[in-house]
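Novice: Here is what each chain is made of, one letter per residue.
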Amino acid sequence: MNPWRNIWTITKRELGAYFTSPIAYVFIVIFLLLCGFFTFFVGGFFERQEASLVRPFFDWHPWFYLFLVPAVGMRLWAEERRVGTIELLLTMPITAWQAIVGKFLASWLFLGLALVLTFPVVITVNYLGHPDNGVILTAYVGSWLMAGAYLAISCITSALTRSQVVSFIISLVVCLFLILAGFPPVINVLEQFAAPRLVDLVTSFSVMTHFEGFQKGVLDSRDVLFFLSVIGFSLFTTSVILRTHRAG
Amino acid sequence: MIKVQNLAKVFGTKRAVDDVSFSVSRGEVLGFLGPNGAGKSTTMRMITGFLPPSGGTVAVGGFDIVEQPIAARRLIGYLPENAPAYTDMTVLGFLNFAAEIRGLRGDARKTAVSRAVELCFLEAVLHQSVETLSKGYRHRTCFAQSIIHDPDVLVLDEPTDGLDPNQKHEVRQLIRRMGEKKAIIFSTHILEEVDAVCSRAIIIDRGKIVANGTPQELRQKSEWAGAVTLRVRGAASSAVTSKLYQVPLVKKVTVVDEKDGHVTVRAFPKNGANGALAQAVGEAAHEWQIEQLQAEEGRLDEVFRSITMPDTVKETAK
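So the protein lines, in turn, are chains A and B. To get my numbering, take the position in the first sequence, counting from 1, and add 266. To get my numbering, take the position in the second sequence, counting from 1, and add 1251.
The set of hints was computed from the structure by calculation and includes no laboratory data. Hints should not be assumed to be uniformly reliable.
[Claimed, not checked] 30 Å max Cα-Cα, derived DSSO-like pairs, lysine-lysine:
1. 1419(B) / 1265(B)
2. 1503(B) / 1521(B)
3. 278(A) / 1361(B)
4. 278(A) / 1386(B)
5. 1494(B) / 1510(B)
[What the hints assert, rightly or not] Label-pair restraints from in silico Cβ distances:
6. 1362(B) / 512(A): 32 to 40 Å
7. 1262(B) / 362(A): 15 to 23 Å
8. 1319(B) / 390(A): 54 to 62 Å
9. 268(A) / 1256(B): 31 to 39 Å
10. 511(A) / 1319(B): 54 to 62 Å
11. 268(A) / 1417(B): 27 to 35 Å
12. 1286(B) / 512(A): 48 to 56 Å
13. 1358(B) / 392(A): 47 to 55 Å
14. 378(A) / 1374(B): 37 to 45 Å
15. 511(A) / 1465(B): 50 to 58 Å
16. 1286(B) / 333(A): 45 to 53 Å
17. 1385(B) / 495(A): 43 to 51 Å
18. 1378(B) / 306(A): 51 to 59 Å
19. 378(A) / 1443(B): 49 to 57 Å
Virtual Cβ for every residue (Gly too), placed ideally from N, Cα, C.
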């Protein structure tokens, strides 16, 4: 049996689950409202007088995702464990990996969809001026990769517990750490007493540092690798956690 | 089809399943009995590959569940305890998903789903979300999922739990019918079910198998097996009792009831009476007016209790 067929079956089911419950609609509406509000009012899109989305739009994404991605990811495994369907899922003729990847992909595609639905800002900026659409596209790719990294972390915390709330809070804290490790005010404090090498080490773990490159329109393989390895590592950890639960 | 050898599961310091071995072949329906917490569900979870065993092996259709999990799982249909199902899906959506993940596509999937729907009487709720279903329907939905790929092996954890008497009857019929061609394990704590459905039963207590045999054989272990109940008119219970004690095959006589000139006593046989007791008791009682003379079959519930709670049963038997 083709493993991708199994993965796709899981993905389809998960995607369906988002759209039969209110989660999908609530999430998309709130995400779009936040994007619009922060871009045009807080981000000062018009006051800047420049045809760019980097500062007013993409700068906010790490912070939106901090709350929204754990909300999307929290149910992935916690719900399966609470309802007991995990027993069905993991006794089907599929590997645990296929289930993990399938579920992750569904949520990631869903986040991608929400991101695509922000296209009116791209149209707006193109209507008003002549932005570098290459930069916008790279920033979108980076934003999606970053969402994937957050999501994979939510997978871990979701596998850890039956409670969605606990999962949400833990992944929020972990993701917050990933942001703050590269947040300028935090770095400034850190620089005062830590060795430069240590500061570099800490900042290299931050999604901010790696998202920065994408925002400038630079597709650096190191940044892509960073996000992909966070995803890979987190999914692997998820599989280990799921296995240990069952080993008793 | 199913071969379980020295299976063990340890949770922390507790041995939930301890050295369990049995096998089930095609055409057999194995009833899995035991008090709550005896290790029934844990054993089934290991057979289906959900829990890895701490020791021992499980082979399904020749495939080891740990070494070749996918091949083994393909042969198994599994109804977990409490019949979980994705609450956000419709019944049809859920069954389609189950069929698809079992590798059924296109027409094969449609046929499989409609067959399962028919067998489990789900037509009425096909487009309803699982969340809104009554417990009975939800149970049948999960049951339908387990038979959707017409598996060779069925593992059913309390398949009749939460169903009304009619549904229970239907499910039992279904299990018995399917048992002719499949290997089925199902757990229950309803003993009448064992008689109605099983070709063999295993009683498990504190993780160990304590009895294994056909329902008939298990019943033989009962004190009641071969006992005779006698009701006569116009005699004192003491007279009847002492008369019966003179019959060589009788081990013990108890008075069940005495009122309005009727006496009901029960005589228990010595070992090796082999059903001859009824005649002997009948002959001994011929001077009285016999209203009832009945040879008892063994009673499963009593066997079950005497095996799983040996101490308390002796108390109540006195």
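Novice: Against this structure, judge whether each hint is valid.
Specialist: Status of each hint after checking the structure:
no., hint, in the structure
1, 1419(B) / 1265(B), "violated (34 Å)"
2, 1503(B) / 1521(B), "holds (8 Å)"
3, 278(A) / 1361(B), "holds (18 Å)"
4, 278(A) / 1386(B), "holds (27 Å)"
5, 1494(B) / 1510(B), "holds (19 Å)"
6, 1362(B) / 512(A): 32 to 40 Å, "holds (34 Å)"
7, 1262(B) / 362(A): 15 to 23 Å, "holds (20 Å)"
8, 1319(B) / 390(A): 54 to 62 Å, "holds (57 Å)"
9, 268(A) / 1256(B): 31 to 39 Å, "holds (33 Å)"
10, 511(A) / 1319(B): 54 to 62 Å, "violated (22 Å)"
11, 268(A) / 1417(B): 27 to 35 Å, "violated (43 Å)"
12, 1286(B) / 512(A): 48 to 56 Å, "violated (24 Å)"
13, 1358(B) / 392(A): 47 to 55 Å, "holds (48 Å)"
14, 378(A) / 1374(B): 37 to 45 Å, "holds (38 Å)"
15, 511(A) / 1465(B): 50 to 58 Å, "violated (38 Å)"
16, 1286(B) / 333(A): 45 to 53 Å, "holds (48 Å)"
17, 1385(B) / 495(A): 43 to 51 Å, "holds (48 Å)"
18, 1378(B) / 306(A): 51 to 59 Å, "violated (43 Å)"
19, 378(A) / 1443(B): 49 to 57 Å, "holds (55 Å)"
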